[in-house]
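Peer 1: Chains A and B, in that order, give the protein sequences. Under this note's numbering, residues 1 to 404 are what the first sequence spells out, in order. Under this note's numbering, residues 1001 to 1404 are what the second sequence spells out, in order.
Worth flagging that the hints you see were computed from the coordinates, not collected in a lab. Be aware that a few hints might be false.
Which chain A residues face chain B? A few, computed with CB under 8 Å, are given here [stated by the list, open to error]:
no., residue
1, L11
2, K109
3, P291
Calculated lysine-lysine pairs in the DSSO-like style (CA-CA distance at most 27 Å, straight line) [what the hints assert, rightly or not]:
no., chain 1, residue 1, chain 2, residue 2
4, B, K1286, A, K23
5, B, K1201, B, K1286
6, B, K1023, A, K266
7, A, K22, B, K1286
8, B, K1124, B, K1022
9, A, K154, A, K347
10, A, K286, B, K1266
11, A, K124, B, K1010
12, B, K1022, A, K286
13, B, K1286, A, K286
14, B, K1022, A, K266
15, A, K124, A, K10
16, A, K269, A, K124
17, A, K201, A, K124
18, B, K1124, B, K1209
19, A, K154, A, K209
20, A, K154, B, K1286
21, B, K1010, A, K269
22, A, K269, B, K1022
23, B, K1266, B, K1124
24, B, K1266, B, K1201
25, B, K1154, A, K286
26, B, K1010, B, K1023
27, B, K1286, A, K124
28, A, K10, B, K1269
29, A, K10, B, K1124
30, A, K403, A, K35
In this text the structure is predicted, and so the values were computed from the model without any measurement. All C-beta atoms, glycine included, are put in the ideal place defined by N, C-alpha and C.
There are 2 protein chains.
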Amino acid sequence: MYRINANYGKLPGSYLFSTIAKKVAEFEKQNPDRKVIRLGIGDVTQPIAPSIISAMHTAVDEMGLAETFHGYAPDLGYSFLREAIAESDYRQRGADISPDEIFVSDGAKSDSGNIQELFSADCKIAVTDPVYPVYVDSNVMAGRCGDYDAASGKWSDLLYLPTTADNNFVPELPDRECDVIYLCLPNNPTGTTLTRDQLQKWVDFANEKGCLIIYDGAYEAYISEEDVPHTIYECNGAKNCAIEIKSFSKNAGFTGVRLGYTVVPKELKCEGVSLHDMWARRHGTKFNGAPYIIQRAGEAVYSAQGKKELKEQVAYYMENARLIREGLTGMGYDCYGGVNAPYIWMKTPDNMTSWDFFDRLLEGAGVVGTPGSGFGPSGEGYFRLTAFGQRSNTEAAIEAIRKM
Amino acid sequence: MYRINANYGKLPGSYLFSTIAKKVAEFEKQNPDRKVIRLGIGDVTQPIAPSIISAMHTAVDEMGLAETFHGYAPDLGYSFLREAIAESDYRQRGADISPDEIFVSDGAKSDSGNIQELFSADCKIAVTDPVYPVYVDSNVMAGRCGDYDAASGKWSDLLYLPTTADNNFVPELPDRECDVIYLCLPNNPTGTTLTRDQLQKWVDFANEKGCLIIYDGAYEAYISEEDVPHTIYECNGAKNCAIEIKSFSKNAGFTGVRLGYTVVPKELKCEGVSLHDMWARRHGTKFNGAPYIIQRAGEAVYSAQGKKELKEQVAYYMENARLIREGLTGMGYDCYGGVNAPYIWMKTPDNMTSWDFFDRLLEGAGVVGTPGSGFGPSGEGYFRLTAFGQRSNTEAAIEAIRKM
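Just chain A, with the same shape it has in the complex (with noise of 0.2 Å):
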């Protein structure tokens, strides 16, 4: 008789976005005449991009000719895309990383949940709290995490880093050995960042330590501070200690068009293995590469004109993020992010728990959000809310909580 993998078994309940999913529905059924206006889920609003538009177009149209048409894609992807990211995303920016360092998916989430497989399975694993779910439950399969005790919300195995208004949102050093530590910034849920010497403190860290940083940089396009680093390749030595994961979802809105990319160094090795060489052979045996056209699209976002069209895009998220933080701010809530990221972190007021204020939202001002807790104990007592509505939709939201 053959025997499943237990370490399913061990994930609590259902996704939190689906359970938020059940109890917005269960309010629209039971206030059928009510606007609910979601600003939970972190998926965009605005439409792809003309000149990205006009891209795949292009590459539909190949796709029907013999003579254009393109099969197998490489496994790591097309040159055209490599040379482009690693031009734009890191050499403009002082950070030396070559096209063939870069290795395209279909999307940071896959690439988040897999990069795990590489390690071994008595890794310990260390992330910050709160944090994106993915993380923590790709380990917990992989039978990394211990126990799930719902009294606590906390994993028996898992190395919890709190990142909260006590500490102003940076965390501190792991002081329990560890082995594999994920970071995103700027961050999801908090929408808050360390700064370019902050980071260099956990390279030297890991360096020191011999741990490896996974570094989630999926929000890199929201940062508008200049002390704020767009990669972790910015910092000294991170080449040595660092994997980090982009997406396309949020700069260029392509949450439904699926591409991001991972960035694993050559040389980066552990006892002389070379954690590229792994990623390579990952990539070979269990992926066939993104789309043609998909990835023809990934090009155009790195276009004169295609970068102009996204920073709009982006500008009209962050627009967004002010109204939302600058308006709850006002009416006397606690309110963190939106400044380097689409994502606005409240404290929960009069001590509510993240639910009860999920509850009293929607049921006070038809507004959806997400709750805290949902992204690690130390989420308790803060919501989330992004930017990524439409304005109109936005600025109902903020003006429906006043009203509440």
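Using the hints, position chain B against chain A.
Peer 2: Okay, now just chain B, sitting in the frame of chain A:
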């Protein structure tokens, strides 16, 4: 100090097709005036059918307008595609599979590689031999195959089920304990298949012994004979013991478009745990859906016009298969497959090894095929040619082999 997954280090050498590519590049460098015809890797050459191109243009336009823009897709795939699949690939064949048992993905290679995550690390794996390398390599990476013995070309903990001319390409049922059995029918690389009655024996065996069958039906569109099943769910009891993986790469030429799906029936349970729920959790955690544009392309595959166009495309490749099979048979080679699959599996002449014949064919005729030994120890002494080339190249290849 973090530690790597040591199983990766057990994988021998490079991927089969990388080795071939290097040999061909070397030959071309030394013989710049010789024409090389590639009938090696199973990549298609015909452009995407007009009705699918048209559907993708429409979907691209939708993505460019706020009113019709699509962000994150439903985790498990859009209903329009899941319903089309359930209707055409299952209900119309008398197989009772519902849309919510279908999980849309970015391709059968990903699903084939990832599906093993659902099983415990100590499950014993069985594969037919020769076999698509992904099944083996993905289980090696998870530590299920033991160690590799270069002399025999075998993994110590893997159960091999020889499938050769000696048993008329009908493998014997396992005579030792095993838990998970991979079957690819019609088969890559042998191009042979089983009848419905023969497959029913495997389903009965799996239900009796408590085994799970991973059924790869990537080449289903090439079936021409009446008594060959188009899905394992045509067999009684298969919903209690089988997961089916399907590709759009070979029936619709999507090798560079990327789309596939996996069926996990709701009945399929292991000691009360639903594998459907487990795969849903895996999808929800480590995958973010196939692109909207590509799912619309998949829907067009099932339209009346799409079906008509693709029937012609499959017929084109099957005429190539006939030309190769009859051409080689006429020259005195022993050939198999090519009737229900786009692969011709030939015995090497004069007891040559697969790689020796690879060299002779490349040097003597400028034709690239795939050495059978690359697919497993029982592939030694065989050679694979694909029918996915262009007609003129296929004809030229046969002519060059004739003159060799």
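Peer 1: Could you run down the list of hints and mark each one as holding or not?
Peer 2: Hints, verified against the model:
{"no.": "1", "hint": "L11", "in the structure": "holds, 7 Å"}
{"no.": "2", "hint": "K109", "in the structure": "holds, 4 Å"}
{"no.": "3", "hint": "P291", "in the structure": "holds, 5 Å"}
{"no.": "4", "hint": "B:K1286 <-> A:K23", "in the structure": "holds, 24 Å"}
{"no.": "5", "hint": "B:K1201 <-> B:K1286", "in the structure": "violated, 35 Å"}
{"no.": "6", "hint": "B:K1023 <-> A:K266", "in the structure": "holds, 25 Å"}
{"no.": "7", "hint": "A:K22 <-> B:K1286", "in the structure": "holds, 22 Å"}
{"no.": "8", "hint": "B:K1124 <-> B:K1022", "in the structure": "violated, 34 Å"}
{"no.": "9", "hint": "A:K154 <-> A:K347", "in the structure": "holds, 21 Å"}
{"no.": "10", "hint": "A:K286 <-> B:K1266", "in the structure": "holds, 25 Å"}
{"no.": "11", "hint": "A:K124 <-> B:K1010", "in the structure": "holds, 23 Å"}
{"no.": "12", "hint": "B:K1022 <-> A:K286", "in the structure": "holds, 22 Å"}
{"no.": "13", "hint": "B:K1286 <-> A:K286", "in the structure": "holds, 13 Å"}
{"no.": "14", "hint": "B:K1022 <-> A:K266", "in the structure": "holds, 22 Å"}
{"no.": "15", "hint": "A:K124 <-> A:K10", "in the structure": "holds, 17 Å"}
{"no.": "16", "hint": "A:K269 <-> A:K124", "in the structure": "holds, 18 Å"}
{"no.": "17", "hint": "A:K201 <-> A:K124", "in the structure": "holds, 20 Å"}
{"no.": "18", "hint": "B:K1124 <-> B:K1209", "in the structure": "holds, 13 Å"}
{"no.": "19", "hint": "A:K154 <-> A:K209", "in the structure": "holds, 25 Å"}
{"no.": "20", "hint": "A:K154 <-> B:K1286", "in the structure": "holds, 21 Å"}
{"no.": "21", "hint": "B:K1010 <-> A:K269", "in the structure": "holds, 17 Å"}
{"no.": "22", "hint": "A:K269 <-> B:K1022", "in the structure": "holds, 26 Å"}
{"no.": "23", "hint": "B:K1266 <-> B:K1124", "in the structure": "holds, 24 Å"}
{"no.": "24", "hint": "B:K1266 <-> B:K1201", "in the structure": "holds, 22 Å"}
{"no.": "25", "hint": "B:K1154 <-> A:K286", "in the structure": "holds, 21 Å"}
{"no.": "26", "hint": "B:K1010 <-> B:K1023", "in the structure": "holds, 24 Å"}
{"no.": "27", "hint": "B:K1286 <-> A:K124", "in the structure": "holds, 20 Å"}
{"no.": "28", "hint": "A:K10 <-> B:K1269", "in the structure": "holds, 17 Å"}
{"no.": "29", "hint": "A:K10 <-> B:K1124", "in the structure": "holds, 23 Å"}
{"no.": "30", "hint": "A:K403 <-> A:K35", "in the structure": "holds, 15 Å"}
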